[in-house]
Amino acid sequence: MYWNLSHFEASFVFALFTSIVFGVVSRKTDQERLYYGLYVFGCFLAATFGLAWLMYLGHG
Amino acid sequence: MDRRCWHGTDGKLLGYNRKVMAQAKAPAAGADREARPPVQAWLGPVALGWLVPGAGHIYLKRWNRGALLLVAIVGMFVFGLLMRGKMFEPTDGDLFTMALNYGGFIGNLASGAPYFLATWLGYSQPELPGAVADYGTKFLVCAGLLNVLALIDAYEIAVGKKD
Chain F
1395 MYWNLSHFEA
1405 SFVFALFTSI
1415 VFGVVSRKTD
1425 QERLYYGLYV
1435 FGCFLAATFG
1445 LAWLMYLGHG
Chain A
84 MDRRCWHGTD
94 GKLLGYNRKV
104 MAQAKAPAAG
114 ADREARPPVQ
124 AWLGPVALGW
134 LVPGAGHIYL
144 KRWNRGALLL
154 VAIVGMFVFG
164 LLMRGKMFEP
174 TDGDLFTMAL
184 NYGGFIGNLA
194 SGAPYFLATW
204 LGYSQPELPG
214 AVADYGTKFL
224 VCAGLLNVLA
234 LIDAYEIAVG
244 KKD
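Same order as they appear, the protein sequences are chains F and A. Mind the numbering: the first sequence is residues 1395 to 1454 in our numbering, read in order. Mind the numbering: the second sequence is residues 84 to 246 in our numbering, read in order.
These are computed hints drawn from the structure, not numbers from a lab. Fair warning: there could be bad hints in the mix.
What the hints assert, rightly or not - Below, in silico cross-link-like pairs of lysine to any residue (SDA-like), each with a Cα-Cα straight-line distance of 20 Å or less: (1) A:Lys221 / F:Gln1425; (2) A:Lys245 / F:Tyr1430; (3) A:Lys245 / A:Lys169; (4) A:Lys245 / F:Arg1427; (5) A:Lys245 / F:Thr1442; (6) F:Lys1422 / A:Lys169; (7) F:Lys1422 / A:Trp146; (8) A:Lys169 / F:Trp1397; (9) F:Lys1422 / A:Lys221; (10) F:Lys1422 / A:Glu239; (11) A:Lys221 / F:Trp1397; (12) A:Lys244 / F:Ala1409; (13) A:Lys144 / F:Leu1451; (14) A:Lys244 / A:Lys169; (15) A:Lys169 / F:His1401; (16) A:Lys221 / F:Arg1427.
Claimed, not checked - What follows is a set of in silico ranges between Cβ atoms, one per label pair, in the way DEER data are often shown: (17) A:Ile235 / F:Gly1444: 22 to 32 Å; (18) A:Gly176 / F:Gln1425: 28 to 38 Å; (19) F:His1453 / A:Leu165: 40 to 50 Å.
What the hints assert, rightly or not - Quick look at which bits of chain A chain F covers, simulated, 3 or more residues with Cβ under 8 Å: (20) 121-127; (21) 184-198; (22) 212-222.
All values derive from a computational prediction rather than experimental measurement. For every residue, glycine included, the Cβ atom is placed at its ideal position computed from N, Cα and C.
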């Protein structure tokens, strides 16, 4: 069995798992943890799209 | 002669010598340091958390957080396996090679049981060309590094620094 994920899919899965752990181990209340996890996930996605556009535009 | 203090002619205390004053001002050895928590308070949850990701939190009755950690860390490890990531092995060579391989090996090892299970069942993937296998290698190492974060959290909960 072999999963041939695209760059975006792999980045998405990485962002999802990492933001879950970041959310769980930080902050004090469950609500704060949820918001922080969503915030980190959003930051990962923003960085993914930002870098993708940067490479696309930089490539010419 | 070591005179520790001086008295006036009327017997009234006038002062102490420098040695006594210095001793009085100096804090007791280690008084400013935080007392170390006893090992038995945190060893169990941290060891459990290393062996099975999230088990430290579950042992400390943080069920939901433990379950989330288990799903996220084991999930990342499984994705790494399915993408045919490479497991690092300690390899000698130049400094960069050693740092890369030993660092990666420690990262893999930090995953605990998933790593031991995968290697015991014979998972031995040579380095493949292409981005997906490279992602897989990073997923395997990052699963271990995320488990280190979970272990630190379990330690802080066990010693009462955190709820």
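Do the hints match the structure? See the list:
1. A:Lys221 / F:Gln1425: violated (30 Å)
2. A:Lys245 / F:Tyr1430: Holds: lysine 245 (chain A) and tyrosine 1430 (chain F) sit about 17 Å apart, inside 20 Å.
3. A:Lys245 / A:Lys169: violated (36 Å)
4. A:Lys245 / F:Arg1427: Holds. Lysine 245 (chain A) to arginine 1427 (chain F) sits at ~14 Å (cutoff 20 Å).
5. A:Lys245 / F:Thr1442: violated (33 Å)
6. F:Lys1422 / A:Lys169: violated (36 Å)
7. F:Lys1422 / A:Trp146: Distance of about 16 Å is within 20 Å: holds.
8. A:Lys169 / F:Trp1397: holds (14 Å)
9. F:Lys1422 / A:Lys221: violated (30 Å)
10. F:Lys1422 / A:Glu239: holds (12 Å)
11. A:Lys221 / F:Trp1397: holds (15 Å)
12. A:Lys244 / F:Ala1409: Not satisfied, since the Cα-Cα distance of roughly 28 Å exceeds 20 Å.
13. A:Lys144 / F:Leu1451: violated (50 Å)
14. A:Lys244 / A:Lys169: violated (37 Å)
15. A:Lys169 / F:His1401: holds (18 Å)
16. A:Lys221 / F:Arg1427: violated (25 Å)
17. A:Ile235 / F:Gly1444: 22 to 32 Å: holds (30 Å)
18. A:Gly176 / F:Gln1425: 28 to 38 Å: The hinted range 28 to 38 Å is violated for glycine 176 (chain A) and glutamine 1425 (chain F), with Cβ atoms some 49 Å apart.
19. F:His1453 / A:Leu165: 40 to 50 Å: Once the Cβ atoms are compared, 30 Å apart, the range 40 to 50 Å for leucine 165 (chain A) and histidine 1453 (chain F) is violated.
20. 121-127: Since 0 is below three, the answer is violated.
21. 184-198: With 0 residues in contact (Cβ-Cβ under 8 Å with chain F), the coverage given for the segment 184-198 of chain A is violated.
22. 212-222: This one holds; 5 residues, not fewer than the three required, reach chain F with a Cβ under 8 Å.
In summary, the structure is inconsistent with hints 1, 3, 5, 6, 9, 12, 13, 14, 16, 18, 19, 20 and 21 from the numbered list given earlier, while agreeing with the others.
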